[in-house]
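Q: Okay, here's what each chain looks like letter by letter:
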Amino acid sequence: MVPLSWYLIFSAALFSIGLFGVLARKNAVAILMGVELMLNSVNVNLVAFWRYRTPEGIAGQAFAVIVFAVAAAEVAVGLALIISIYRRRNTVVADEIDLLKF
Amino acid sequence: MSTEILIWLIPLPPLLAFFIIMLFTNRSNALSHTIAVGSVLLSWLGSMLVFWRAFQASHLGEQPFQSSIDWLPLSNSAFRIGILIDPLSAVTLFFVAWTILMIFLYSVGYHNFGQPVGDRDRPGLPPHGATITDDKGHRHQVPSIEPMYARFFAFIGLFAFGMYALVVSDNLLTLFVGWEIMGLCSYLLIGFWYGKPSARAAMVKAFITTRVGDVFMLLGIAYLYSATGTLNFREIFNNPEVLSRLAETTSGFLGLSAAGLIGILLFFGTIGKSAQWPLHVWLPDAMEGPTPVSAMIHAATMVSAGVYMVVRIFPLLSAGMEHGSLTTPMTLMAFFGAFSALFAASIALAQNDIKRVLAYSTISQLGYMIAALGIGAYVAAAFHLVTHAFFKALLFLGSGSVIHGMEHGVLHTGAYIDPQDMFNMGGLKKKMPVTFWTFLIGGFALSGFPLVTAGFWSKDEILADAFGHGQWAVFITLAAAAILTAFYTMRQITLTFLGEARTETALHARETPWTMTTPLVILAVFAVAAGWTGIPEHFPAIGGLVQNWFHSFVGSTLSEEPGTLAFNAIPLLTSLVVALGGLAAGWLTYRQVQAGAPDPIQKPLGPVYSLLKNKYYFDELYDFLFVRPAYWIAETFTYYWLDRGLIDGILHAAAEFAWRLGSFFRNYIDKPVVNGSGDFVANSVKRIGQTLRVIQTGRVQQYMLLGLITIAAFGALFYYLMVFQP
Amino acid sequence: MSPIQVVFILTAMTTLGAALMVVTVQNLVHAALWLILSLFGIAVTFVILNAGFLAVAQVVIYIGAISILMIFAIMLTRRVAEDVNPQIGRRWWWAAAISVVMFVGLAWMLGNWSGFRSPLPAASSGMDPLVQLGEALVSVNAYVLPFEVASVLLLAALIGALMIAWERRPG
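Residue numbers (the working numbering), protein chains in the order written: chain A, 12 to 113; chain B, 6 to 731; chain C, -19 to 151.
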């Protein structure tokens, strides 16, 4: 039987890896991949808690479903933005998209 | 009308005349002179009435006409002013009223009323004649009317007011007020023809010189008031306790008693006003004014006021006199008076201007009066004051008549000669008979021609008193002055009227109109008859026929009536010899003087003559001692050094200091500190901003990184604080 | 070590390994593929957690739509010489540090929580999570509102993405 702690550690690790990807990757799409990883870790966390703490309720799963929808929407919009920026500036390197600077 | 109210009203008409003429009737000559002469006629009438009542009053000396009112409120009382007519002021009022009336009447003719306006006449300059064309087409120059006619009458009206106010006043303060008003009017009238630079200089000289005397007089008045608490004549001069107290208290100044110091200070006022040596210099220059003014100032009023005042304060001057020894003020007066008499008489010998001779003669005669008072001859001094007023006024008006006649000749001939120079005259006896006879009477009165002239009686009394009291120095000096007086008087008469005309101008001289000759005649009557009121009792033959009214009347003014002296032949003989001898000598010396010839006494006197002619160089001395230093003080010291140097210097220094202080504040405090701190703050903000803005790179990952680091840090901190601390 | 634990450990290793590859590989397409593997591992985790519907939804949505979308985006934004450059930025060790700190912090905080070692409650037999989920999502007393809002969000995202990426033709 898997203790809850394993799931939590697992999701924490996944979250950190996703964070690393967000902060360190140059390509904007790669950043979005990191964001996806983070969202997935959250989902895992939610479901784990649901299963281990309130299995009779359904709040955990419902929450996870909403997160799915939001993640999907966010990826769609994000990628549309990236494509739009690519068209204008001909780059997807995050460091080169720095117009909002001093 | 009660006498007191009448006396209050006497000074009023001339004052009203002054204001009315000044303000309203300025433009109308006829109206102005009518108001002026009418006012003085009213005052004359009042004066005659008062004099008559005074004449009839018994014991006027003990119960004079007096009245006073509260004037200046003091702490719990008031300073009172008022009027007082005792015997002295009654006789003074008499001669003042007559002479002023005569002078006013004379002025109408003197200023050529009724004549046409001059060709080139301007206000401020004497009139120079008008050209008229008669029916035959001949052009004549005739005398023209004075352009400032009304102004003259206004001023002499004020002058008359000043004198009347002085005579009727019962205290030294209002006397001083009248004194000063006359000082002002003499200034205005001496410089009546202000267009002439000599007149302007003379008017200032007169005012300043008399001012010197007036300052001392004011000090005397102040001292008197502080010593006695009053300035009223009756309360001081008729009050033996006050007088003895003043004589005994010491003033702390040169060992003089209070009475002595006050007397000397007040006497200095007379030295100035009555032109005694050393303040005599203004009187001859005052001849710049029109002749009626000279008569007014030098005979009737102003100089007489000086003598009147010392006569009035005689009790104070003689306070402390023991057994006939003279007090200090009296000795001073005797000296100054006698010296001035001789001094001025000597200068008169060498003067050529007809009015100048009379001016110096006035100084000399005033010296007589003051010397008389100095030796204690109270009544004699007052007597000479009265007679002198009449004959001196007569002489001055007569000289004015002569000058007028000469000016007629000047206009006729068109010559540029001085109508006042006696050496240009001669033979005027035939041309101007009335003037001649009246002038002769006046001249004889001045010289002291025996018996029939007033001057004889008054002069003789002075000499008799000097001899009788044993004052040899005074006696001899006055006798010498008398001989010189007779000499120069006859010189004047001979040169002017006798012999032949020395110039064309004199040939064409003409007698003056009735407005001028009538006063001469009237005054001549007084010049003859006035002396007969004071014939001494013990005079040989005629003494005792007529009571010596003057002596008893005026003598009663004093608390103790002065005694009469026993008759002594020596002074009488002396005065006869000096008078007749001087007159004869003068006639003999001058009767043959031809035109262009020099003065016959020039050669015998030699260098002394030029000394006399130049008035002993006193004017030059005063100029060197006083006038130049005064100018230096005003121009260099006060103006350059003090005003521009010191005061402006202080101002400039203050401005400089303020500027420097301001610059210092601006450059060293305001700019660096205030601006600097402001700039520093702004710059710091800018630099901090510049330093910090590098954070805003526009790179999202960087923002997120920074955010996370901050969150992690704060999270750890709060976790630590929340979980472990409480 | 029960079998379920072994399964879990294997799944976890795979997922984490794939995730690491996602964030480190140079080639973006490879990264996308690794992402798919990672997402698959997550699906397996859902299965272990008795959330079958979510596992299938994961596969369908994430792998079937989102990853494909990402691959499309990669291809649309590909530059020719891009693959040569290193894909990790200069500040990667800051990111690593933060990640490590984050992980350690989370782990430690969770470790201090009392329920950290909760055992698995028994699954009740009458429980049908799918039906329950369905009912919850449309029930007025439950989660219909979030459901509807999520759908509106999806609509908005759809329209938004269209607008953003619309290519404006000149003229």
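Source of the hints: derived by calculation from the structure; they are not laboratory data.
Keep in mind that the hints are not guaranteed to be accurate.
Among the chain C residues that face chain A by a calculated CB cut under 10 Å, a handful are [as the list claims (entries may be wrong)]: (1) -12; (2) -5; (3) 58; (4) 93; (5) 123; (6) 127.
Idealized CB from N, CA, C, for every residue including glycine.
Q: Determine for every hint whether it applies to the structure shown.
A: Evaluation of the provided hints:
Interface restraint check: residue -12 (chain C) against chain A, minimum CB-CB distance 5 Å, threshold 10 Å, status holds. Interface hint status for residue -5 (chain C): upheld, as the beta-carbon distance to the closest one in chain A is roughly 7 Å, under 10 Å. Interface restraint check: residue 58 (chain C) against chain A, minimum CB-CB distance 9 Å, threshold 10 Å, status holds. Hint on residue 93 (chain C) holds. Least Cβ distance to chain A is approximately 9 Å, under the 10 Å limit.
Hint status for residue 123 (chain C) relative to chain A: holds, with the closest Cβ pair at about 5 Å, below 10 Å. Hint status for residue 127 (chain C) relative to chain A: holds, with the closest Cβ pair at about 7 Å, below 10 Å.
In the structure shown, no violation is registered for any of the earlier numbered hints.
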